[in-house]
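K.L.:
In case you want the letters, here they are:
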Amino acid sequence: MTNKNIVSKSVIALLVLFLSFGFVLNAHASEENLIKHNKELKEKETEQESMDVGKLIIHHVSDGYEFHIFSVGKYHLTVPLPVILYDKGKWISFWSSEFHHHHGFYKGYYIAEDGMNAGKIVRKGPDGKETLPKYDLSITKTVFTLWVNSIILLIIVFITARSFKKRKGKAPKGVQSLMEPLIIFIRDEVALSSIGEKHYLKYTPYLLTLFFFILLNNLMGIIPFFPWGVGVDGNIGITAVMAVFTFIITTVSGNKHYWKDIFNTPGVPWWLKFPIPLMPIVEVMGMFTKPIVLAIRLFANMIAGHAVVLGFVALIFIFGKIGVGVGYGVSVVSVLFSVFLDILEVLISFIQAYVFVILSALYFGMAVEESH
Amino acid sequence: MQLINPGLGLIFWMTLTFLLVLWVLGKYAWPAILKGLKEREESIQESLDAAKKAREQMAQLKADNEKLIAEAKEERDEILVEARKIKEKIIEEARGKAAIEADKIVESAREQIKLEKNAAIIELKNIVADYSIQIAEKILREELKDKKKQKEYVSSLLKEFSLN
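So the sequences go chain by chain: B and C. Our numbering applies: residue 1 is where the first sequence begins, and numbers increase by one. Our numbering applies: residue 1 is where the second sequence begins, and numbers increase by one.
Because the hints were derived from the structure by calculation, they are not lab data. Everything numeric in this text was worked out from a predicted model, so none of it was measured. A portion of the hints provided could be inaccurate.
[Unchecked claim] List time: in silico DSS-like cross-link candidates among lysine-lysine, alpha-carbon distance up to 27 Å:
1) Lys27/C to Lys166/B
2) Lys73/C to Lys62/C
3) Lys198/B to Lys73/C
4) Lys129/B to Lys202/B
5) Lys62/C to Lys198/B
6) Lys168/B to Lys73/C
7) Lys165/B to Lys62/C
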């Protein structure tokens, strides 16, 4: 028992250490490329020798059209991803590597450097302004990683489901025993305690999917290598979609009591409802702020961890500019802090997945609550 | 700006992916897992209940056995006491019966003896009477062999009467 515990603990510790180290390495590799890139840019413009840490971090935590793995000198190893556009009434599809073959332009499309659409594919409109194509359904690196993670999620859950069928009436084993406590926790502590005995089973599959989806994407986001290295949940688009799902389910399952609480809140003086319906306005706003806050909380939490790790890594290069020795000195501190942050991120991954799911469950609970 | 301005494509693919994952898991995986969990929980509960019941039954059985043994012992003691009583009674009865029987036998023997004695007495009387008659006859015959003597005797008898 204890022996096994120690083994599993050390495995986890090693894994975390390895992952964080990898993150640093990866960041380092892409860093150099970026620094070079920046350097060239700045040299051309103002001949200044500073690096834009903010831009670097934003670049790393943002979505992209290709997977950059590493660069050695002038050689860049990137995984091109398909770009799918619908513009001017027709579909246009090409590999993101075309941008490099054509010096950043392909059929008039290019990736915007800054402005409102920074990082997105744009083209020059007739008025000379950058305009977005009508629809941009490109498989970006976030989409790609999302798919990889979704497949992993499906595999893990199906292995668990199969174990339940195959090992009926036996003690759990392997993946099953990893998943089981979490599943039971979501079912009993999240769904049952928030929604209530009568309705909780209807929402449990959604809550389970949501929890494991967020958790897996959070955890995988810590891994810095291809096909990861992308914080899927550190993208507001991803979290917003999940928040919208929660919002839709809440609104659709809202019963009479729920709507009465919104439009005719009990226990509130009548002059707050008539003639100016203050309370209803506040309550209706609350309906929308809840999912918005859900989306932003998860997104901000996940992106913050990555940003701070990147910041620590960037410190190495900032100090490296002062002197190579200083850079090496700082790297020790930076790596230690990155390791600490990555461990913290493992914790945050669980906490944020739990928070998102428990709040969703609470909203469902409010929607189906019977009047008392 | 880039951070809070996600691409439409990402939202589209995320919606599609999430819906698909939700549908596939919701249809094929979660129900099986939840069912399996519930079944196992139930079977564990049942096993625990059964174990508790079995333990209770065991205790009950043990108590029953003890009670049975105690009862059996009591019964045995009772039977023994009874048997002893019966034995004594039988002996007593036998003794009484034997005494009565003996008395009866003695009585009947006595009766028999009495009867025999009476019969013997009667027979003896008869024999004596017979003999007496025979003797008397012989005496009378001897006495009254001649007429003279007869007359003498009659006259003596008569004399006697007249005297009275």
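K.L.:
Look at each hint and say if it fits the structure.
P.N.:
Taking the hints in turn, this is what the structure says about them:
no. : hint                 : result
1   : Lys27/C to Lys166/B  : 18 Å, holds
2   : Lys73/C to Lys62/C   : 16 Å, holds
3   : Lys198/B to Lys73/C  : 59 Å, violated
4   : Lys129/B to Lys202/B : 50 Å, violated
5   : Lys62/C to Lys198/B  : 44 Å, violated
6   : Lys168/B to Lys73/C  : 51 Å, violated
7   : Lys165/B to Lys62/C  : 41 Å, violated
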